[in-house]
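Trainee: Heads up: the protein sequence lines correspond to chains Z, D, W and R, in order.
Following my numbering from start to finish, the first sequence increments by one per residue and tops out at 248.
Following my numbering from start to finish, the second sequence increments by one per residue and tops out at 248.
Following my numbering from start to finish, the third sequence increments by one per residue and tops out at 248.
Following my numbering from start to finish, the fourth sequence increments by one per residue and tops out at 248.
Keep in mind the hints are simulated off the structure, nothing from the lab.
Certain hints may be false.
[What the hints assert, rightly or not] Between beta-carbon pairs, the in silico distance windows are: (1) W:P67 / Z:Q53: 28 to 34 angstroms; (2) R:T63 / D:H68: 41 to 47 angstroms; (3) Z:Q53 / D:P107: 54 to 60 angstroms.
Where a beta carbon is used, it is the ideal one built from N, C-alpha and C, also for glycine.
Protein chains: 4
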Amino acid sequence: MTEGPPERPRQVGLGTSRLETLTDGIFAIAMTLLVLNLQVPQIPAALVTGRLPHALLDLWPKLLSYALSFVVVGVYWVGHHNQFHYIRRADRPFIWMNILFLMCIAFIPFSAALLGAYVHARIAVGIYGLNLVVVGAALYLIWWYATADHRLVDPDLAPTVVQAGGRRVLVGVVVYLLAVLLSLLSTVLSVALYIAVPILYILPGRIDRHVMGRLTPGAPDGERIPPGTASSQE
Amino acid sequence: MTEGPPERPRQVGLGTSRLETLTDGIFAIAMTLLVLNLQVPQIPAALVTGRLPHALLDLWPKLLSYALSFVVVGVYWVGHHNQFHYIRRADRPFIWMNILFLMCIAFIPFSAALLGAYVHARIAVGIYGLNLVVVGAALYLIWWYATADHRLVDPDLAPTVVQAGGRRVLVGVVVYLLAVLLSLLSTVLSVALYIAVPILYILPGRIDRHVMGRLTPGAPDGERIPPGTASSQE
Amino acid sequence: MTEGPPERPRQVGLGTSRLETLTDGIFAIAMTLLVLNLQVPQIPAALVTGRLPHALLDLWPKLLSYALSFVVVGVYWVGHHNQFHYIRRADRPFIWMNILFLMCIAFIPFSAALLGAYVHARIAVGIYGLNLVVVGAALYLIWWYATADHRLVDPDLAPTVVQAGGRRVLVGVVVYLLAVLLSLLSTVLSVALYIAVPILYILPGRIDRHVMGRLTPGAPDGERIPPGTASSQE
Amino acid sequence: MTEGPPERPRQVGLGTSRLETLTDGIFAIAMTLLVLNLQVPQIPAALVTGRLPHALLDLWPKLLSYALSFVVVGVYWVGHHNQFHYIRRADRPFIWMNILFLMCIAFIPFSAALLGAYVHARIAVGIYGLNLVVVGAALYLIWWYATADHRLVDPDLAPTVVQAGGRRVLVGVVVYLLAVLLSLLSTVLSVALYIAVPILYILPGRIDRHVMGRLTPGAPDGERIPPGTASSQE
Numbered sequence: 015m016t017e018g019p020p021e022r023p024r025q026v027g028l029g030t031s032r033l034e035t036l037t038d039g040i041f042a043i044a045m046t047l048l049v050l051n052l053q054v055p056q057i058p059a060a061l062v063t064g065r066l067p068h069a070l071l072d073l074w075p076k077l078l079s080y081a082l083s084f085v086v087v088g089v090y091w092v093g094h095h096n097q098f099h100y101i102r103r104a105d106r107p108f109i110w111m112n113i114l115f116l117m118c119i120a121f122i123p124f125s126a127a128l129l130g131a132y133v134h135a136r137i138a139v140g141i142y143g144l145n146l147v148v149v150g151a152a153l154y155l156i157w158w159y160a161t162a163d164h165r166l167v168d169p170d171l172a173p174t175v176v177q178a179g180g181r182r183v184l185v186g187v188v189v190y191l192l193a194v195l196l197s198l199l200s201t202v203l204s205v206a207l208y209i210a211v212p213i214l215y216i217l218p219g220r221i222d223r224h225v226m227g228r229l230t231p232g233a234p235d236g237e238r239i240p241p242g243t244a245s246s247q248e
Numbered sequence: 015m016t017e018g019p020p021e022r023p024r025q026v027g028l029g030t031s032r033l034e035t036l037t038d039g040i041f042a043i044a045m046t047l048l049v050l051n052l053q054v055p056q057i058p059a060a061l062v063t064g065r066l067p068h069a070l071l072d073l074w075p076k077l078l079s080y081a082l083s084f085v086v087v088g089v090y091w092v093g094h095h096n097q098f099h100y101i102r103r104a105d106r107p108f109i110w111m112n113i114l115f116l117m118c119i120a121f122i123p124f125s126a127a128l129l130g131a132y133v134h135a136r137i138a139v140g141i142y143g144l145n146l147v148v149v150g151a152a153l154y155l156i157w158w159y160a161t162a163d164h165r166l167v168d169p170d171l172a173p174t175v176v177q178a179g180g181r182r183v184l185v186g187v188v189v190y191l192l193a194v195l196l197s198l199l200s201t202v203l204s205v206a207l208y209i210a211v212p213i214l215y216i217l218p219g220r221i222d223r224h225v226m227g228r229l230t231p232g233a234p235d236g237e238r239i240p241p242g243t244a245s246s247q248e
Numbered sequence: 015m016t017e018g019p020p021e022r023p024r025q026v027g028l029g030t031s032r033l034e035t036l037t038d039g040i041f042a043i044a045m046t047l048l049v050l051n052l053q054v055p056q057i058p059a060a061l062v063t064g065r066l067p068h069a070l071l072d073l074w075p076k077l078l079s080y081a082l083s084f085v086v087v088g089v090y091w092v093g094h095h096n097q098f099h100y101i102r103r104a105d106r107p108f109i110w111m112n113i114l115f116l117m118c119i120a121f122i123p124f125s126a127a128l129l130g131a132y133v134h135a136r137i138a139v140g141i142y143g144l145n146l147v148v149v150g151a152a153l154y155l156i157w158w159y160a161t162a163d164h165r166l167v168d169p170d171l172a173p174t175v176v177q178a179g180g181r182r183v184l185v186g187v188v189v190y191l192l193a194v195l196l197s198l199l200s201t202v203l204s205v206a207l208y209i210a211v212p213i214l215y216i217l218p219g220r221i222d223r224h225v226m227g228r229l230t231p232g233a234p235d236g237e238r239i240p241p242g243t244a245s246s247q248e
Numbered sequence: 015m016t017e018g019p020p021e022r023p024r025q026v027g028l029g030t031s032r033l034e035t036l037t038d039g040i041f042a043i044a045m046t047l048l049v050l051n052l053q054v055p056q057i058p059a060a061l062v063t064g065r066l067p068h069a070l071l072d073l074w075p076k077l078l079s080y081a082l083s084f085v086v087v088g089v090y091w092v093g094h095h096n097q098f099h100y101i102r103r104a105d106r107p108f109i110w111m112n113i114l115f116l117m118c119i120a121f122i123p124f125s126a127a128l129l130g131a132y133v134h135a136r137i138a139v140g141i142y143g144l145n146l147v148v149v150g151a152a153l154y155l156i157w158w159y160a161t162a163d164h165r166l167v168d169p170d171l172a173p174t175v176v177q178a179g180g181r182r183v184l185v186g187v188v189v190y191l192l193a194v195l196l197s198l199l200s201t202v203l204s205v206a207l208y209i210a211v212p213i214l215y216i217l218p219g220r221i222d223r224h225v226m227g228r229l230t231p232g233a234p235d236g237e238r239i240p241p242g243t244a245s246s247q248e
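In isolation and in its complexed conformation, chain Z is listed as follows (with noise of 0.2 angstroms):
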C-alpha cells in the first residue's frame, strides 16, 4: 500500500528537473533558431547557374557566425549541464538566476544575426562579444550562488572542485572581455579569439590537462566526466 511509488515523490520539492528540462528546451531552440540567419538567397530563374553560387559564396559570414553560435552556446549548454551535476537543489534566487541566463542565452540568435550580417562592424563585433560575457558571468553567478557555504550542493563537495569550476567559468568571461576591447583595434582578431576560445574548450591543450589533473575530480568545466563515474557503470 504504502510502497507505491507516487508520480512525483514529495520530498523532491522544488527539485531542479523541470528547470533543467525548460534549460535544454531553451539550448535546443536557440540552437536550431540560428539556422533561420541564414536566408536563401532570392535570384531571378534565368540568372540562377550564373549567380546561385556567388551568392551563397557571400553567406560565408552568416555561416561562420552559425558554426561558432552553434559551438559556443554548445559549450555553455556542457557548462550548465556539468554544473547541475553537482547541484541538488533549487531556491528561489537561484531559479531566476537561471532564467535570467536563459533570456542571455535566447538572445544569441540575435547576436549571432547581427555579427552575420555586419562582420566587419566594431558595434555588431562587440555587441556579439558582450552577449557572450553576459552569459559567462551568469553562469559565473550561478555556480558561485550554489556552492557558496554549500547552499545547494552536497555538504561534502571537495574546494578543488568548486574553485576550478568557477576558475573555468571566469576564465571564458576573461577572455571574451578582451575579445570585447580587441574589437576597437580590429575585428578581425577579435573574431578570431570568439572562434579560439570553444576550441580551447573542446581541445585542451596541455597546460589545460595540466590544471585539471591537479583539480579533479569532476571539475564542472563542461567536458570531463568524474574519474570512476565511467568505470562504476561498467
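Starting from the known structure of chain Z, fit chains D, W and R onto it as the hints suggest.
Mentor: For chains D, W and R alone, kept in the frame of chain Z given last:
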C-alpha cells in the same frame, strides 16, 4: 519477478508528466521565439559605421519588450511549476484548461511584438496587458479547479496553501488589470507597472515575506521550496 | 547488488519513451509556431493612433485560425497521448507511422496560415480540412496497427477499448471529410464545422457521455482517465 | 536504506540522458522548422479565386523538400536513437561529436529551403546532398568512437552488432555521395536517389532483411527492435 516495474505503470493513468513535458516545451519555445521580434537593421554597406549604432539604439522598445516578456513568461512558468508540485492527477477539463492556458502563453510573442513596435500606442499596451490578465486568470482557474474539494490534489493539502496559492495569482491579475486601465491615462505608467509586477514576484519585499511566512508551507507562488524540502535532500 | 538498474534497462529496447519525447516536442513547436502567422501590422508612426485598431481588427481571420488550430492540435495531442497510455512497445513500422503522423502535424502551421490569409477561398478552407483528415487518418492507422492482434498493447486489453478508441478517431475523420465537401457549398459553414468538432471533443454532450459510458474503461478518446485511475492514486 | 534514491544518482555522472533530451529537442525543432519554408502566396483579394490554386501548385518543390527532409531527418533520429540503445556512457569527445552532429542536423532546414527554391540548380541539389553526407559521416563517427574497444558500450556487445550498425550508416553516406556526384549529370536523378534512400531504410526489401537476419540482434540501423525485447515486456 513478475512484479518488475512496467515501463509506464498502469495506475498512473492520465498523469501529469506528459502534460508537464508539453507545457515546458511550449514555455521554452514561447520564451525563445521572443528574440525573433528583434530584427537586424538593414543598412547599406557604405553607411554601416555611421548608422548602425543609432539603428540599434532605436531597437530599445523591442529590447525592453524582449526582456520584460521573457521574465513575465518566466514568472508564469514558475507559478505553473509550483502548482504542479501539489497536483497529483489530471482529468479531462483540467487538461483542457491547461491547453487554453498554453494558448495564451504562446500568444505572448505576438503581444510582445506589438508592444515592441508600438510602445506608445494605447491599444498595443492594452492588448499586451490583457494578454497577461488572461494568462493569469487561466492560471487561477487551473488552481481553483484542481484544489476545489481537493479534486486533483492530496486530500490533506492545507487550506492555507490553497488560499495563498490562489491569492498570489489573483494579485497579479488585478494589478495587470489596473495597468491596462492605466494605459488609458498614460502608456508610460502602464508599462512601468508591467515591469514592476515581475520584480515584485522575483524580489519579495517585507510584506510579501510576512504574508508568505504566515501562509507556508510552499505556497505555489512560483518561488518557494516547501520548508523541509531542502533539508530532506541534504 | 552489482545488478543495480542500468541507466536504461536493456529489456525496454526500442520503447516508446523517446518517441513520446519527440512527439511532445513536435506538438509543442507546431502549436507555438502558429503564432508566427500573426504579423504585427506595419504602420507609419504618424498614423498609428488612427489605423492600428483597424489593422488589428483585420487580423481576425488569423486570430481565428490561431485559436482553432491550437485547439485542434491539442485534441490530436490528447488523442495520441491517450493511445500511448495503452501502447507498450514500438516496432519499425509503428515508429514510421508516428513520424508520418508528426509530419502531418508539423504541416498544420502552413495550413493554418493559408486559412488565416484566405478564409473565404474554397481551396484554402479545403486544404486546411484535408490536413486534419490526413492527421486523423494517420492517428487511426497508428491505433489500428498497435491494437490489431494486440500487437503492441497488453494482451488483455479489452476489445471495447480498442473499438471505442478507433471509433472516436474515425468520427473526427468523417466529420472533417464532410466539412471539406461542405466547403464547395459554403466556406463559412465549413469553417463552422471545423470549429464545432473540437468543441464536441472537449465538451462531450449527453449522447457522447452515453456512448462512452457503455464503452469504458478508458477509451483512448483523448479526454478520459480510465475509471479507477484517479481513485488508485488518492 | 531510508536515504532513498537521490534525485540524480551520483554514479550516472555525465550520463547520456540530458544529451538525449537536447538531441530530441533539436531534432523536433529542426523537423518542425521545415514548414517555415512553405510561404503562403501573397495574392490580391480580387484575384484569389483565379490565382491561388496555381500559386499553390507552384509550391510543389517546397512541398517535396518538406516531405523528403522530414523523413530524412526522421531516419537520422531513429538511427541516433538506436545507437543510444547500446551506448552507456558519455565522455568529452563523445559529447562534442554529438553537438557537431546536431549542428549538421540543425542546418538541414537551410539546405531544404535551398533545394525547395532551386530544385533544378546543381549547386542547390549538391549542397543538400552534401549536408546529408556530412550528417551520416558524423553519425558514423559517433558509432565508431563509442564502440572502438567498447569505449562507451557494454563490454559484451557483439561485434556483429558493431559492424552491422556501422555498415548501415556507411551505406547511406556512400549512396548520398553518389547522388551528389550524379547531380552533375542530372539533378532529377539525383533528387530521385535522395528520395529512394529513406524509402529503402523504412521499407526494407528482401536483401536488406536477409542481411539484417544474419547480423542481428538489434543492429542500430534505426529501425529494429532487438529480438526478445518485445516478448520480454509481454
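Trainee: State for each hint whether it applies.
Mentor: Here is how each hint holds up against the structure:
no., hint, result
1, W:P67 / Z:Q53: 28 to 34 angstroms, "holds, 33 angstroms"
2, R:T63 / D:H68: 41 to 47 angstroms, "holds, 46 angstroms"
3, Z:Q53 / D:P107: 54 to 60 angstroms, "violated, 44 angstroms"
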